[in-house]
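Enquirer: Residue numbers (the numbering used here), protein chains in the order written: chain A, 1 to 288; chain B, 289 to 554; chain C, 555 to 882.
Treat the hints loosely; a few may be bogus.
As the list claims (entries may be wrong) - These stretches of chain C come out as covered by chain A in the derived footprint (C-beta under 8 Å, 3 or more residues):
hint, segment
1, 615–629
2, 816–826
Said to hold, decoys possible - Stretch by stretch, here's where chain C covers chain A in the computed footprint (C-beta under 8 Å, at least three residues):
hint, segment
3, 28–35
4, 115–122
Claimed, not checked - Non-contacting residues of chain A with respect to chain C, defined by C-beta distances greater than 12 Å in every case (computed):
hint, residue
5, 18
6, 21
7, 41
8, 125
9, 126
10, 156
11, 210
12, 260
Calculated from the structure, these hints are not laboratory results. Note that the structure is a prediction, hence the values are computed from the model and not measured. Virtual Cβ for every residue (Gly too), placed ideally from N, Cα, C.
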Amino acid sequence: MADTVRASAVRESAAPGLPGRVREGLRAYGLIAVMWIRSTMAYRASFVLTTFTNFAVTGLDFIAILLMFSSVDALGGFSLPEIAFLYGLSSLAFGLADLLIGSMERLGRRVRDGTLDTLLVRPAPVLAQVAADRFALRRLGRVTQGALVLGYALTTLDIDWTGPKLLLMPVMVVSGGAIFCSVFVAGAAFQFVAQDASEVQNAFTYGGATLLQYPPAVFAQDLVRGVTFVLPLAFVNWLPASYVLGRPYPLDLPRWVAFASPLVAVACCALAGVAWRVGLRSYRSTGS
Amino acid sequence: MGSGRLYAAVAAGGFRRYATYRAAMLAGIFTNTVFGLILVYTYVALWDERPHLGGYDQAQAITYVWIGQALFKTLGISGGGFEDELMERIRTGDVAVDLYRPADLQLWWMAADGGRALFELFARGVPPFVIGALFFPLALPGDVAAWAAFLVAVALAWVVGFAIRYLVALSAFWLIDGTGVVQMSWFVGWFCSGMMLPLNVFPGVFGDVVRMLPWSSVLQAPADVLLGEADPLGTYTFQAAWAVALLAAGRLLQSLATRRVVVQGG
Amino acid sequence: MTGSESGFIELDGVEKVFEVRKKTGFMKRERRRVRAVDSISFRVARGEMVGYIGPNGAGKSTTIKMLTGILTPSAGRLRVAGIDPSRDRRRLAHRIGVVFGQRTTLWWDLPLVDSYRLMHRMYRIPDARYRENLDRLVELLDLGELLDVPVRQLSLGQRMRGDIAAALLHDPEVLYLDEPTIGLDVVSKARVREFLRELNAERGTTVLLTTHDLQDIEQLCKRVMVIDHGRLMYDGPLAGLHEAGESERTLVVDLERELPPIEAPAPARVVRVDGPRQWLAFPAAESAAPLVARIAAEYPLVDLSVREPDIEAVIAKMYAEQADRAVS
């Protein structure tokens, strides 16, 4: 029968190895994200409203900072534009991660209601499918808001720009986004074990983003050590920003650490990837 | 008093339902503690620069942070109570069934949310507060009367918080996709209740206006009672006025919505 | 590269053990090992259509999850088309189709055809083959007018047909169906069954289906496997199952008032009375008409309904008879 001639040669052409997997994952991510964007557009008015809301409300914490500065001139030794600089970088990096894979915090719910299984029978990496789940362009609201605050900081601050400083700006945003992405992935991996504990990751994602809006001098040294050496959020903005602003580094770290963000980001992503694999394997062996 | 027993049972159900999610409870305690820590350090920096900002000394400001973390989930300041479920029922049309129950829709959900709030006060509210008290110097009253006055203010704060969230949930009758409204209400609640910054620090006319809004009776009011910064009776009056107004608005909206459901259903 | 024809799906001593933590107090929990699937072995040949049945929690869906690569077996050997599902999940995905009865994989807010376009890209189905398959499935499942309708506006039956088409666009060699007719009306059920019969006969697709509906099995499957408590209780032709548990239908009768049990002609008999409502059991093979006529003539009848024999009843009877045999 002609029907039994299968097109398996075509289907199984996916390249093996890590680069092949990454390419496959990105492709699946793109396919699913587009579907979600089109789904959102089915309710266009609601989309416009939620995007605007997202933009407006994510700015409320900056308004709180402005209110603080109506009473003081500096906080932790930083002026308002300097804090705006930290705030903008933190919001931008976190906003990008949230835009790209923010829905991963819903993984626990998918495990509980069993819909994760429908992703496991598809010929695409599960991580990519979960990451693209409920992809929402309205999250551009936070990114835009972060960029605007950063823009305000850059026009107000009198930075003595040099090549390395200029280079550091995009590097910081991309590495910071990647570090936050790895936190999202690790948090989702944890939800394989504890499905109801999705709130824990809020402490590191939203909590981390809030922490980084203020200068390191505000916080206890042990806390700063923790977010430098254990969960290296300090590499999102504190360290590179200290270099750009010409400010003393927290913990008397050497000058070069400002440029270590990309390496830290790669390491974080690798660790998060391992955590994800362990989590998924445990799901597939326990089914819960 | 048959109906009283009914609502008590609903409240007990709400309490038990939340008590089953132990991991969620521990996760919540952890998260509230982390957020509390971050806020405490920023407040310390702020009050170092400007001692007696907003009439608080530093210990009072720190205490304010932990009161906020204790009440955040308990009072649903950024949502998280019954409203997701009610909105889902409105969206799917299941609410029509609720309307035919021999119970009042508003009271029903209020009882359920009351059970939840009571559970979350003990399970998620008290632990971060205790952790805060262990590691930071807090300004707490020594006499029982002040604590009792505080608890009354918390109860009234819960009523106001419920009434606000009930209005938000009912919006689902008119909106296909209520995500925007819900998100807006979360953030407005979070900001205007003083989760980010005590309202007495808000400057000028802006501060005066925010302090008159209903959200100020959710966190700022009970906090000021505990910190000895406000006269309990005056605070209760303010809270009760908002509670009555908002609950009445909820009833009005509910009757409009009911008519709508009946018309659509027929 | 595929297994021998006799064993397209092969299970040898497959087990799945879960560790369940049960709450015994507010803070206390007890760990317990549960054998959801206990040393199951069977073979399904290419082109077979097999019913996989059992009560809730018997281990049906655990087995399906292992066959589709979702879950890793704790022990034993498992092959589908020569592939170890848990190791080669994504390669296997190209060769199997899965329909979860109660979980649609279609995109709620988008026209039906958009979900198919996603499958086209995700499974890398060659364009010509996609066109051909889509046209054929649209015709057979009568989806023509539904393609541009958002999925949220489809009825349950339409959605199930849409889901089945989505699972078949990439020409899978085996199709797993988990409760494909649950909640469907009579017409939709008939249409789904008719389609599955054709799919199996014309294209030789191997079909494994779990169901609660005995009629699904009767109309579709020559072979039935019964699982309970994680063990394979029966594997053989449907007729044998009937022998094992001679099934009965139930006539539910509402009388005007409470009356003593209806005196029905044997073998029909009253099995339960609750106020004015009475339940009568009668052989599944017999028509209900004479019985109904007789009751209507002699009793003040208000309402009645006939309940089909369900799998759980058949299995329960099967156990009872096995126990009898063991004794004698």
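Enquirer: The structure should be examined with respect to each hint, and the outcome stated for every one.
Expert: Going through the hints against the structure:
{"no.": "1", "hint": "615–629", "verdict": "holds (count 8)"}
{"no.": "2", "hint": "816–826", "verdict": "violated (count 0)"}
{"no.": "3", "hint": "28–35", "verdict": "holds (count 4)"}
{"no.": "4", "hint": "115–122", "verdict": "holds (count 6)"}
{"no.": "5", "hint": "18", "verdict": "holds (14 Å)"}
{"no.": "6", "hint": "21", "verdict": "violated (9 Å)"}
{"no.": "7", "hint": "41", "verdict": "violated (9 Å)"}
{"no.": "8", "hint": "125", "verdict": "violated (8 Å)"}
{"no.": "9", "hint": "126", "verdict": "violated (9 Å)"}
{"no.": "10", "hint": "156", "verdict": "holds (44 Å)"}
{"no.": "11", "hint": "210", "verdict": "holds (32 Å)"}
{"no.": "12", "hint": "260", "verdict": "holds (35 Å)"}
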